[in-house]
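Chemist: So the chains spell out like this:
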Amino acid sequence: MEVIGEEPRRRLHPLSPLLHGAKALVVIVVALSWQTLREVGLGFFALMVLVVVIGAVIMSVVSWYNTGYHVVGHELRVYEGLLWRRTRAIPLERLQSVEVVRPLLAQVTGLAELRLEVVGGGKTEAPLAYLSVADATVLRDRLLAIARGVSDVVPAEGAAPVVGPSRVPGDGPVLLAVRNRDLVISQLLTPQALFLPIGVAFVVVQFAFDPSWSFIGVASTLTAIAGVLLQPVRRVLSDWNFRLRHGDRALRLRFGLLETRSQTVPVDRVQGVTATWPLLWRGHRWLRLTLDVAGVAGQDTSGGGNETDRLLPVGTADEAERVAGIVLPGVRLDALAFVPPPPRTRWFHPLAQPRLGVTLTDRIVATRDGLLTRTVLMVPYARIQSVRVVQGPLQRLLGVATVYADTARGRSAALRDRDLAEAWRLADDLARLGRAARAAAPDRGGAVVVPAQTVDPAAPPLPQPSG
Amino acid sequence: MDIAAAGPTSPLEPWPDTVDWQPVSRDLIWVELIRWGMGAAAMLIPLGILWGIFGVWPLGLAFVVVLVLMLWRFWSIFRAVRAWGYAERDHDLLVRHGLVVRRLSIVPYARMQFVDVSAGPLERAFNLATVQLHTAAAASDARVPGLRPTEASRLRDRLTALGEDRAEGL
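Heads up: the protein sequence lines correspond to chains A and B, in order.
Using UniProt numbering, count along the first sequence one by one with no gaps and you end on 467.
Using UniProt numbering, count along the second sequence one by one with no gaps and you end on 170.
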C-alpha cells in the first residue's frame, strides 16, 4: 500500500470509535430534547437513542478503519473516508498552533485529540481523534520541530522519527498560573452572571402565580437558566487551572477542568494580542489578554465561541505585563502612549473620543478603543499583511480617515478617524515598518540564511518569572 | 476641512510626488455603464409597470427615488472609474478607488498568496481584465479592474515574480 521508504501509515487509537459514539450520545440526547421525551415515553426514547448510538459507533468503526496519518517530508498526511476518500496534506510550514485536547471521556481512557491550526483553514484542520497521550505528545513535538524550520530538525527527518522530545519546546517553567478563585470571581462579574438573579426571580414569580410543577416545566427552566449561564460557566470550566509556560520560542498553554487542553503556539505566529478591561473588573484592576493566531477556528468574535485564543483569562496588570512581554517582546502595556484622534471627531464618538487612540512603538502598532469595556489591540509590524486607508463621506467632511492594518487572523487593527495627513503618514509608516520588521525577522527561520546579528524577536532575554 | 486643505495631500492622490499612479482603462466606463443600465432596467421597468397598473403614489415615489439614485450613479460612474488607480512601488502595490467611500490599499509583494486574473463576458467584450491580489488577510482589498489583457498579464507576472523573490508568506 505504501511507497517503500515512506514512514508507514498509522491508525488512530482503537478506542476512538467508542469515544465518538459516547460523544454522539450527548448530541443525540440534546437533539431529541425534553419535548420528544415527553411525547414518546422513556422506554422508547432510550431505544431511539440506543439505535442511533449504535449506528454512530458502527460508522465510527468504519471511519476509524479507513483513517490513517503519517508524516512525509514537511507534510502531515491524513487519509480518511471509505466511499469518498480524502487525503489531506497539511504543510507544516503553515502550522500556526497545535493543541492537545482531552475531553472528559478521553481523560478517563487516557486518550487525547490532536488539533492543528494552519493558515487559510477557516476551521481547525485535521483533528486527529483520538491518539494515546504519549503518541499525541510525541507527534505534536515532532510536528512543531518540523514546523520551526528545516535546519534544526535535519537529524529528525526522514526515516528516524524523534522518539524522545529532545529538541522540542520543552515544558519550561510555569510562567503564570491563574488562581481559580480569581477566575470564578471574574466570571461572576459578567453581565450574564449578574442578571441571573433577576431571571431566577422572574421564573419563581411565574411559578408562584401559575403553579404548574411538571417535570418538563422544571427541566425546561433549568435548561434555559443553564443556557444563560453557559458562557461564564464554560469559561470557568475551560480556563480552570490555567497555566502558561514558555519555552524555546513557543507558548504552552494548559487549561481546562472537564476538558483539558494543552495548546502550543510558536511565539512568532502570534498575529496580535488584545487586552480587554471589562467594566465590571475595574474594581479588581483585572484585565484579560487574548491571542490572535491565524487560522484558529471561530473567527466570529461575537459569542463566547473563541475557545482557543486565550492568553490570560484574568490577571492583574503585572501579570499581563509579564505575559505581554513574552509574546510581544519589549512591549509594556502601561507605557503605551496613545494619541487620540483630533477633537473634531467628537461628533462620531461623543463620549469615547478621548479614549480612542493609536500608538506606534518600535515593534507594534496599538489601538485603544471603548468607553466602558476598554480594549487595546496590539499588532506586531512583522505580522501586517496589508495596510488600507478608508475614508467615508462623513469622514471626508471632517477631513479624517481610518487606517487599517490587516492581519491574517482576519481582524484588523483600525486606527480610527485620524487626521487625513496623519492617516497618510501612518499608512506609509506602517508599510515601511512592516517591511523593515519582515526583513529583520524572516518568518521561515531555517529556510533563509539569516545573518548572525539579526535580532530575533522570538528569542528574547527571558526574564525569569518569580512564580 | 481646515486641516485637510492645509496639507498637500488630496484624498484621491496620496503622495503624488513620489508615487506614479497608473489609471485604469477608460473603457471600464463602458463596462460599468452597461452594468448600470442592466441594473437600472431591472429595477425601473418592474416598478414602472406596477406603477402603471396600480397607479398608487408610493410606487411612483419609489420609481422616482430609484430613478434619481440611478441618475446619480450614472453621473458618478465617470468619476469613479477615473478614481481607480494603482501604482507599483518597489516593495508594495498600491490600489486606490472609491468616490463616496475612498479606499487605498497598500499590499506588500511579500505578503502575496496568489494572484487572480479574471475577465467576465462584458470585460472581454471591451478587451479588459481584472487582476486581484490575495493575501492571507481576508480584508486586504487589492483589486485592479479595467486592465488591458497584456497589461494584466504583465502585472500578474511581475507580481508573481516579486512575490517569489520576497516570499515570506505569513
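Just so you know, these hints were derived from the structure itself, not from any lab.
Fair warning: there could be bad hints in the mix.
Calculated Cβ distances over 12 Å to all of chain A for the following chain B residues [what the hints assert, rightly or not]:
| no. | residue |
| --- | --- |
| 1 | L33 |
| 2 | A40 |
| 3 | W51 |
| 4 | V64 |
| 5 | R73 |
| 6 | G98 |
| 7 | V100 |
| 8 | L122 |
| 9 | F126 |
| 10 | T130 |
| 11 | A139 |
Here are a few chain A residues that face chain B, going by a calculated C-beta distance under 10 Å [as the list claims (entries may be wrong)]:
| no. | residue |
| --- | --- |
| 12 | I58 |
| 13 | T290 |
| 14 | A294 |
| 15 | W424 |
| 16 | R432 |
| 17 | R438 |
Nothing here was measured: the structure is a model prediction, and the numbers come from that model.
All C-beta atoms, glycine included, are put in the ideal place defined by N, C-alpha and C.
Chemist: For every hint, state whether the structure bears it out.
Modeler: For each hint, the structure was consulted:
1. L33: At about 23 Å from chain A, B/L33 clears the 12 Å cut-off, so the statement holds.
2. A40: holds (22 Å)
3. W51: holds (31 Å)
4. V64: Correct as stated: the minimum Cβ-Cβ distance to chain A is 23 Å, above 12 Å.
5. R73: Consistent with the label, B/R73 stays out of reach of chain A, its closest Cβ about 15 Å off (over 12 Å).
6. G98: violated (8 Å)
7. V100: Check fails; 5 Å does not lie beyond 12 Å.
8. L122: Correct as stated: the minimum Cβ-Cβ distance to chain A is 27 Å, above 12 Å.
9. F126: Since the minimum Cβ distance to chain A is about 28 Å, B/F126 lies beyond 12 Å and the statement holds.
10. T130: Its Cβ never comes within 12 Å of chain A, the nearest being 18 Å, so this holds.
11. A139: violated (4 Å)
12. I58: Violated. Min distance 40 Å.
13. T290: Result: violated, 18 Å to nearest chain B Cβ.
14. A294: holds (6 Å)
15. W424: holds (5 Å)
16. R432: holds (9 Å)
17. R438: holds (6 Å)
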